[in-house]
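J.: Here is how the chains run, residue by residue.
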Amino acid sequence: MTTGIPLHYFLIVSTLMFFIGIYGFLTRKNLITILMSVELILNSVNINFVAFNRYLFPGELQGQFFSLFIIAVAAAEAAVAIAIIISVYRRFTNIDVERVDSMKH
Amino acid sequence: MDFSFTVWIPLLPLILFVFLGLTSGSIRPKISGYIGTAGMTVTTLMSYFVAYQYFFNRPAGSETFEKIIAYNAVWLNLTEKLQINLGILLDPISVMMLVVITTVSLMVHIYSIGYMNGEKGYSRFFAFLSLFSFSMLGLVVATNIFQMYICWELVGVSSYLLISFYYERPTAVAAGKKAFIVTRFADLGFLIGILLLSYISGTFDFVTLTNPEGALITQGSSLTFMGLSVMTWALVLIFMGGAGKSAMFPLHIWLPDAMEGPTPVSALIHAATMVVAGVYLVARLFPLYVFAAPDALTIVGYVGGITSLFAAVIACTQNDIKRVLAFSTMSQIGYMMLALGVSGYADHHGLGFMASMFHLFTHAMFKALLFLGAGAIIHAVHSNFMTEMGGLRKYLPITHITFLIACLTIAGVPPFSGFFSKDEILTAAWEHDKFLFFIEYAVAGLTAFYMFRLYFNVFWGKERHYHHTPHESPLVMTVPLMFLAVASMFTGFIPFSSLVTSDGKPFETHIEWMIAIPSILIGVIGILVALWFYKKENGIPEKMAGSLKHLYKWSYNKFYMDEVYLFVTKKIIFNNISRPAAWFDRHVVDGTMNGIASATNRTSSGIKGFQSGQLQKYGFVFVSGVIILVFTFIYIWFN
Chain A
0 MTTGIPLHYF
10 LIVSTLMFFI
20 GIYGFLTRKN
30 LITILMSVEL
40 ILNSVNINFV
50 AFNRYLFPGE
60 LQGQFFSLFI
70 IAVAAAEAAV
80 AIAIIISVYR
90 RFTNIDVERV
100 DSMKH
Chain B
0 MDFSFTVWIP
10 LLPLILFVFL
20 GLTSGSIRPK
30 ISGYIGTAGM
40 TVTTLMSYFV
50 AYQYFFNRPA
60 GSETFEKIIA
70 YNAVWLNLTE
80 KLQINLGILL
90 DPISVMMLVV
100 ITTVSLMVHI
110 YSIGYMNGEK
120 GYSRFFAFLS
130 LFSFSMLGLV
140 VATNIFQMYI
150 CWELVGVSSY
160 LLISFYYERP
170 TAVAAGKKAF
180 IVTRFADLGF
190 LIGILLLSYI
200 SGTFDFVTLT
210 NPEGALITQG
220 SSLTFMGLSV
230 MTWALVLIFM
240 GGAGKSAMFP
250 LHIWLPDAME
260 GPTPVSALIH
270 AATMVVAGVY
280 LVARLFPLYV
290 FAAPDALTIV
300 GYVGGITSLF
310 AAVIACTQND
320 IKRVLAFSTM
330 SQIGYMMLAL
340 GVSGYADHHG
350 LGFMASMFHL
360 FTHAMFKALL
370 FLGAGAIIHA
380 VHSNFMTEMG
390 GLRKYLPITH
400 ITFLIACLTI
410 AGVPPFSGFF
420 SKDEILTAAW
430 EHDKFLFFIE
440 YAVAGLTAFY
450 MFRLYFNVFW
460 GKERHYHHTP
470 HESPLVMTVP
480 LMFLAVASMF
490 TGFIPFSSLV
500 TSDGKPFETH
510 IEWMIAIPSI
520 LIGVIGILVA
530 LWFYKKENGI
540 PEKMAGSLKH
550 LYKWSYNKFY
560 MDEVYLFVTK
570 KIIFNNISRP
580 AAWFDRHVVD
590 GTMNGIASAT
600 NRTSSGIKGF
610 QSGQLQKYGF
620 VFVSGVIILV
630 FTFIYIWFN
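Protein chains in written order, with numbering that gives the first Met the number 0: chain A, 0 to 104; chain B, 0 to 638.
By construction, these hints were calculated from the structure, which means they are not laboratory data.
One thing to keep in mind: the hints can contain errors.
Label-pair ranges, simulated between beta-carbon atoms [as the list claims (entries may be wrong)]:
hint, chain 1, residue 1, chain 2, residue 2, range
1, B, 599, A, 32, 36 to 44 Å
2, B, 637, A, 26, 13 to 21 Å
3, B, 596, A, 84, 27 to 35 Å
In silico DSS-like pairs for lysine-lysine, Cα to Cα no more than 30 Å straight-line [claimed, not checked]:
hint, chain 1, residue 1, chain 2, residue 2
4, B, 616, A, 28
5, B, 461, B, 393
6, B, 570, B, 552
7, B, 552, B, 461
8, B, 570, A, 28
9, B, 542, B, 461
Bear in mind that the values here come from a model prediction, so they are computed numbers and not experimental data.
Think of the CB as a built atom: it goes at the ideal place given N, C-alpha and C, for glycine as much as any other residue.
Could you put together the complete structure from these sequences and hints?
T.: Rendered as structure tokens:
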């Protein structure tokens, strides 16, 4: 069995990251920060995957593969999201979510 | 003989109706009048041909007139047992009705070309006439009671359209509505009767229904409701429909008002054809009435008798010439109903049936003549009221002669046709019911009196001041008068008893002079009294009216029947049923619905703030919810 840092340390870090991400996602008005919050949530999940893989099934690699997938998907998502943010900025000259509301009414 | 071409007899007027209705306004009115008349002529000729083939050219060796289904099409195939067909049934009465309807309709078409000349809605008028002809012809040739009901309603609609033809006049609109509502109310009874009858018998078909050897006749007599068999109820309800259409007491109130329509319409619909539909209906189901429900037949007879007396009394005091004729029509239809009511089945027992059909035939001719004559008079003096007429015989010679012939016919003076048919009715009544017989004698006298009162008031008496000198109508109007006058004179010689009988077998009749002579005398007395009263103005009528003050007043006000109806509808039904129902509808039914709507409205306006469109707020709510749930579950699991 592995020695060193126990599993729940990882879990505490990932939980904190997750809730910080949620908090940022819910409270921030700036699209870029919202995107960053989403990345935080994804990365907290990554930490969970890797940690559980390491501690529960040390001989297997699924958890780490999943992390790689998530990183790839997150990268793609970030690219798309930033493209959208740029075009929103061009259209509205700001990226505040509460002011991008011309479809609402 | 293949009779399948008869399907064109009703269809041709239908095509004309569609054509005239669609082209009205785009072709010259005169042209549409001519087209309508030409089409009607073709229909009439076809009907005459059918009548000739049916009555005088039958297969050798056959003694009876069979019922022929000339055409039959399944219209609605609902289930295997429930089918509604449309077709053509030819038997003595329907063939006779074809002749009556097409003849009168053709005369009215020709007459209307002159009478309606220059009126607004000329082509509309002809379109409606065609619609009426179609529905009436479809009614008489119906192979089943449902087809009859459909055409029955169509006839009602065309009657409504034609009564309120002058729709700019409020009285005409009201009269149309009254006619429609009263007859529609009666048709409710008819419909229930049809449903009952078809429930008992399992068929709509006339041939099966009226087969006197069929098992049907005895069915339904075992079921009883309130002391009468269900069959009797069904037939009484069916008769209610017939009474509504035929203006029998107490459903007659629409007919006098229906005179608001143009006079040719009154002649066609409200004298000669549509109003006898009720008589035709009873005649059509006659074997059922005789064998399955004699009680219903007695009701028919008494309703007819009462109506004929009631209407004759009213007719004696009316001033509007068209209303006199309307009440006279009611009275004569009462005669026909009475004749059916006192009739038996087969041979000489069926005398009443044959007399009724005979009278229907002759009445159609002379009553159409009277109405068309009245139209010519109104055309000449521009008034409906007898008090504004007098001494017209010099100005309207043809109208005068033809009107006199019609009056003599209806008064039952031989050798005019009315004498023969009335005599047969009286004979039939004498053999079955003495009470009705004496009513009819009284009515015969009254009829002669009020018709000649009309005649003397209009054509003799003092000349009035007219807007312009009255002039005779154009030829197009007088030719129908002359044709109908000839018909009134000679149709009495048609040997009806060998053509139209209850069982299709001919039988011998002869004039019962013991009955005929008193009836002639009564008629002549009526004429003489009218002559004495009205030939010259002499104050006798006023004195008579004074001495019979109450009777006169009641008769003049039509026995206050309209007031009774108004009282019943306005005071009793409106106040006690309609108003509470309206209140319930407005406050309870509508209130519930409005309450639901406003509650929804208020709730939604209260909570619409939640729907902000801010995804972050939704997310916040979602996450809080998840957290609350998680803690709740943890709490539950670990305790």
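J.: Which earlier hints turn out false for this structure, listed by number in ascending order?
T.: The structure breaks hints 2, 3 and 8; every other hint is satisfied.
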